[in-house]
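Chains C and Y are the protein sequences, given in the same order.
Its first residue numbered 1, the first sequence is counted upward by one per residue in my numbering.
Its first residue numbered 1, the second sequence is counted upward by one per residue in my numbering.
Hints are computed from structural coordinates only; laboratory data are not their basis.
Do not take every clue at face value.
What the hints assert, rightly or not - Simulated coverage check for chain C against chain Y, where a stretch passes if three residues somewhere in it have a Cβ under 8 Å from a Cβ of chain Y:
id, segment
1, 14–28
2, 83–95
3, 130–136
4, 142–154
Remember, it's a predicted structure, so these values are computed and weren't measured experimentally.
Note that beta-carbon positions come from the ideal geometry of N, C-alpha and C, so glycine has one too.
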Amino acid sequence: MVWKTVARHMMAGHAPARVPDAAITQSLRERLAAAGAAKLGRSLAIRHVAAGSCNGCELELRATQNLIYDLTQYGLVFTPSPRHADVLLITGVAGRNMVEAVRQTRAAMPDPVFVIAAGDCAVDGGVFKGSPAITGGAESILPVDLIIAGCPPTPGQIVDGLLALLEAHA
Amino acid sequence: MIFVNEQDWLGQAAPLIALWTDAEHAYALYQPGRLVAIPLVDGAYPTLEPPGAAWFQRLAHDLNGHVATGAADTRPAIEHLRAADGTAAWPDFAVAPGEGVHQVAVGPVHAAIIEPGHFRFSVLGEQVLKLEARLGYAHKGTLALMLGKSPRLAARFAARVSGDATVAHAIAFAHAAEAALGVDVPPRARALRAVMAELERLANHAGDIGAVAGDAGFAFLDARFAVHRETICAAAQAAFGHRLMMDIVIPGGIAGDILSGGDAEVLAALAALEAELPALRRVFEDYASLQDRLVGTGVIPPDLAAAYGAGGYVGRASGQHADARLTPGYAPYEGIELAVPVETDGDVAARIRVRLAEMSESLRIVRLLLAELPDTPIAVAPLMGTGMGLGVAESFRGPVWHWLAVTAGSITGAFIADASTLHWPLLEHASKTGILADFPLINKSINASYSGVDL
Numbered sequence: 001m002v003w004k005t006v007a008r009h010m011m012a013g014h015a016p017a018r019v020p021d022a023a024i025t026q027s028l029r030e031r032l033a034a035a036g037a038a039k040l041g042r043s044l045a046i047r048h049v050a051a052g053s054c055n056g057c058e059l060e061l062r063a064t065q066n067l068i069y070d071l072t073q074y075g076l077v078f079t080p081s082p083r084h085a086d087v088l089l090i091t092g093v094a095g096r097n098m099v100e101a102v103r104q105t106r107a108a109m110p111d112p113v114f115v116i117a118a119g120d121c122a123v124d125g126g127v128f129k130g131s132p133a134i135t136g137g138a139e140s141i142l143p144v145d146l147i148i149a150g151c152p153p154t155p156g157q158i159v160d161g162l163l164a165l166l167e168a169h170a
Numbered sequence: 001m002i003f004v005n006e007q008d009w010l011g012q013a014a015p016l017i018a019l020w021t022d023a024e025h026a027y028a029l030y031q032p033g034r035l036v037a038i039p040l041v042d043g044a045y046p047t048l049e050p051p052g053a054a055w056f057q058r059l060a061h062d063l064n065g066h067v068a069t070g071a072a073d074t075r076p077a078i079e080h081l082r083a084a085d086g087t088a089a090w091p092d093f094a095v096a097p098g099e100g101v102h103q104v105a106v107g108p109v110h111a112a113i114i115e116p117g118h119f120r121f122s123v124l125g126e127q128v129l130k131l132e133a134r135l136g137y138a139h140k141g142t143l144a145l146m147l148g149k150s151p152r153l154a155a156r157f158a159a160r161v162s163g164d165a166t167v168a169h170a171i172a173f174a175h176a177a178e179a180a181l182g183v184d185v186p187p188r189a190r191a192l193r194a195v196m197a198e199l200e201r202l203a204n205h206a207g208d209i210g211a212v213a214g215d216a217g218f219a220f221l222d223a224r225f226a227v228h229r230e231t232i233c234a235a236a237q238a239a240f241g242h243r244l245m246m247d248i249v250i251p252g253g254i255a256g257d258i259l260s261g262g263d264a265e266v267l268a269a270l271a272a273l274e275a276e277l278p279a280l281r282r283v284f285e286d287y288a289s290l291q292d293r294l295v296g297t298g299v300i301p302p303d304l305a306a307a308y309g310a311g312g313y314v315g316r317a318s319g320q321h322a323d324a325r326l327t328p329g330y331a332p333y334e335g336i337e338l339a340v341p342v343e344t345d346g347d348v349a350a351r352i353r354v355r356l357a358e359m360s361e362s363l364r365i366v367r368l369l370l371a372e373l374p375d376t377p378i379a380v381a382p383l384m385g386t387g388m389g390l391g392v393a394e395s396f397r398g399p400v401w402h403w404l405a406v407t408a409g410s411i412t413g414a415f416i417a418d419a420s421t422l423h424w425p426l427l428e429h430a431s432k433t434g435i436l437a438d439f440p441l442i443n444k445s446i447n448a449s450y451s452g453v454d455l
């Protein structure tokens, strides 16, 4: 019986490609965007990678979660998994030993991804600029959307930077 | 410094602090600050026996290509890309033998907001049989960047060896430069350096004790201690213009005096901490569920701590008495009659108890120093000249040593030994005493610096 089905398909040739209705697609896209903004609000999950810091930036990054700055109140959370993350936040220089790990972290994240370079080292290498052990700042590994300068940036500056990102994409 | 022959190079009895090489010599530093050197022969020197020497010898090989003849451990320290084709030259991890043993790989990107490093566990069920830490991911070339610069300029790199201990590293670096060039620092600068060092200790102890409790699922202590760390950092900003007090200690003194009204902010932060500390300590001691996680976890026996010459709270929780602040000539601690808490259990709980006791002592020291700040200048003119010097400071995690060779005002040799260098192998040991789920607790209770050893 199978040969009949096969023969029929061979005779019929290729079925025409199916194209979704452009108007329906566009209206669905708009409704989803509106619903997403309303339901998900301004929530962003952040995956942090230390790419060669002195650990000063990590101290202040952790401080954004304390009771004083309370980053979570803005819907901003740090996530252990890159699969859950919207933001890749990089601290420290781009150490040659960390370039591959940063690339793999980015590759493990679903698009779209906002990349933030936090701290002077991540911005351009900071005081370590020119060292043969580094390739520069985060931009030397992948395109950066936002920089938060400071050595280290204060928790307040970090929160301000993240809020700017939320505002820009609200 | 003493030049020695091979027999004396191998025959030093005191605990080893650090080992490094420059173009012509290998240097070994022993407690309480005895430096010996041996000429390199064809880029090699005899390997040293103490277990703490291994990391330093691996580092000397990666930085300068020098070989420790006869060394058993020749794994890379910081160099991951040695092969010509760019592939990693790191040898395979040695898995613990046995039926049913499997490996768990963690890092270099960790789940929490911490520095990069790779941990490879050999696990049987939940029991950890072996931990091998691969470091070097935070390597930035710090030592090489110091060369050719004046001590004042290079102080920026010393301040960024390990950000959480920026004050202590800057002090040790300044001590080394001042010893090399025979400079005497004004008393006010010494007092304010110590104020900053103790504030740094308080901030880190508060943050870490809370974080250990947090890792045990005890959010209350984490939240409260984090508030105190924040208050201290805010006071440091008010008093010294920087939350971590970075770049304020410079060779020859300090870069800026305490700001007007800053002392009041500091004293207020200390009062708030002191008022809540007994209650927090009671919570830590009284909650059986918390103690159950911490007591008997991550044990470092005193004889092992002694073999590595471990300092800081890691050493002092395992029966070691050393504290670099007791070093003769380490002003202004000489007149303070520092009390050094020592415990012998060597577990996570003991390390927390030591740190809680150290917090009370730091509160006392800061108040004492701020009450009687000497009325002198805060710095001397930039340092010129030629010489070689050692400097030490007690960071919150233990002694940090800096060695400098200065020629006509510019640095021609430098080495930095963070206390973490001797703590990492102890972490590898302590992890074997527990299950995999206890590792975050053990790791945080030791809190070795990645950046501080990756240099």
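### Message
Is the coverage entry for the segment 14–28 of chain C by chain Y consistent with the three-residue Cβ rule at 8 Å?
### Response
violated (count 0)
### Message
Is the coverage entry for the segment 142–154 of chain C by chain Y consistent with the three-residue Cβ rule at 8 Å?
### Response
holds (count 3)
### Query
Taking a Cβ-to-Cβ distance below 8 Å as contact, does the segment 130–136 of chain C have at least three residues touching chain Y?
Since 5 is at least three, the answer is holds.
### Query
Taking a Cβ-Cβ distance under 8 Å as contact, does the segment 83–95 of chain C have three or more residues in contact with chain Y?
n = 3 at 8 Å, threshold three: holds.
Of the hints listed earlier, the one the structure fails to meet is number 1.
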